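Enquirer: Counting in the UniProt record's numbering, the sequence shown runs from 1 upward without gaps.
Below, in silico cross-link-like pairs of lysine-lysine (DSSO-like), each with a Cα-Cα straight-line distance of 27 Å or less:
hint : residue 1 : residue 2
1    : Lys268    : Lys167
2    : Lys268    : Lys285
3    : Lys137    : Lys165
4    : Lys54     : Lys340
5    : Lys336    : Lys25
6    : Lys167    : Lys252
7    : Lys25     : Lys268
8    : Lys226    : Lys167
9    : Lys165    : Lys280
10   : Lys186    : Lys54
11   : Lys186    : Lys86
12   : Lys301    : Lys170
13   : Lys221    : Lys268
14   : Lys167    : Lys298
15   : Lys118    : Lys187
16   : Lys141    : Lys336
17   : Lys280    : Lys340
18   : Lys186    : Lys40
Honestly, the hints are just simulated from the structure, not real lab data. Just so it is clear, the structure is predicted and the values come from calculations on it, not from any experiment.
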Amino acid sequence: MIASVIGATGYTGGELLRLLLNHNKIEIGTLTSESYAGKKVSELHPNLNGLIEKNFVDLDINEVIETSDVIFAALPHGASNEIISKIYSINDTVNLIDLSGDFRFDDLSVYEEWYKIKHANPELNKKAVFGLPELYKDKIKKAKLIANPGCYPTSAILGTAPLLKNKLVKHDIIVDSKSGVSGAGKKLTNNTHFPEANENFSAYGIANHRHSPEIQQEMEKLFGSKVNLSFTPHLVPINRGILTTIYMTFNKFMETNEVIALYREFFKDSPFVRVLDEGKFPQTKAVLGSNYCDIGIKSDKRTGRVIVISAIDNLVKGASGQAIQNMNLMMGFGEKEGLKVVPLYP
1 MIASVIGATG YTGGELLRLL LNHNKIEIGT LTSESYAGKK VSELHPNLNG LIEKNFVDLD
61 INEVIETSDV IFAALPHGAS NEIISKIYSI NDTVNLIDLS GDFRFDDLSV YEEWYKIKHA
121 NPELNKKAVF GLPELYKDKI KKAKLIANPG CYPTSAILGT APLLKNKLVK HDIIVDSKSG
181 VSGAGKKLTN NTHFPEANEN FSAYGIANHR HSPEIQQEME KLFGSKVNLS FTPHLVPINR
241 GILTTIYMTF NKFMETNEVI ALYREFFKDS PFVRVLDEGK FPQTKAVLGS NYCDIGIKSD
301 KRTGRVIVIS AIDNLVKGAS GQAIQNMNLM MGFGEKEGLK VVPLYP
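Whole structure, please, built from the sequences with the hints as guidance.
Expert: So this is what it looks like as structure tokens:
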């Protein structure tokens with residue numbers, strides 16, 4: 001089968017290509033770029049030199065539809081919305097995974113408030129499935145349009161799902177996340193410029209990061225009622241990785257080993273979630289380059305809280321790896337196909 005990538009020059013586009021090269025069921029098709037049409041793939045992704053002998057091309061929607069079995073859209077929010085709407089206006093049976101935030105929200109008024117964009121296609125949005133395989137595997141298998149989750153939401157939702165689903169904690173939740181600089185994308189900004197980011201550690205998007213409503217939406221679905229979420233992301237001077245620390249208050253205290261058992265049972269059919277042994281906690285380097293989410297847990301009897309720590313690679317489980325995991329389910333492949341990547345360590 002042929003997979004094409006619309007917007008293949010960014011970090012997530014490059015990771016899609018790196019991982020798809022390992023996929024036994026997929027041939028890489030059209031790779032589009034608005035800014036770099038005509039340039040070799042290896043000019044933007046030097047790690048793929050000699051592995052992909054293709055040039056980026058301008059987007060021809062009809063050609064991409066006709067020559068692809070599945071399409072990945074790795075575009076900024078807003079642009080993705082418009083192009084995907086055009087694709088489905090031509091052919092509503094296309095298999096597509098969108099890596100932007102444009103189709104993640106059940107309530108489009110929330111999307112429009114936080115993203116400051118009018119949604120181009122509310123009817124199409126109703127057909128999109130939120131692509132977190134650990135929660136929505138059956139829906140993903142039947143979907144045509146998958147909204148790939150954000151990186152922070154992936155780490156936060158997986159870190160809270162078992163306790164929320166079983167209503168074992170109160171509705172006040174604090175999520176504290178640290179991300180590597182690649183999470184900000186390839187385009188240079190003051191905050192991601194080397195002299196600004198190196199040897200620095202700063203919070204941003206305090207109380208107003210656009211991933212907040214996405215996290216809250218999925219937490220409330222699990223919990224069955226409102227949650228009171230405080231989410232604060234931080235930028236740390238590493239290339240990639242997210243470490244998320246979550247604080248929740250028990251309804252009735254549970255020992256650490258009991259919570260670990262709960263998580264292992266919840267994720268028993270989730271091949272990319274690794275719940276660590278008691279006393280062990282995640283680190284970003286242990287998931288580097290892989291599709292794993294590592295989770296560590298500690299119950300605090302003094303405060304009545306549980307502290308859950310999750311680690312993912314923001315470009316893999318937080319973006320491109322999860323997109324391929326979704327494609328595998330959508331297309332009937334083995335869920336781990338193309339993703340049997342051992343994390344790089346140290």
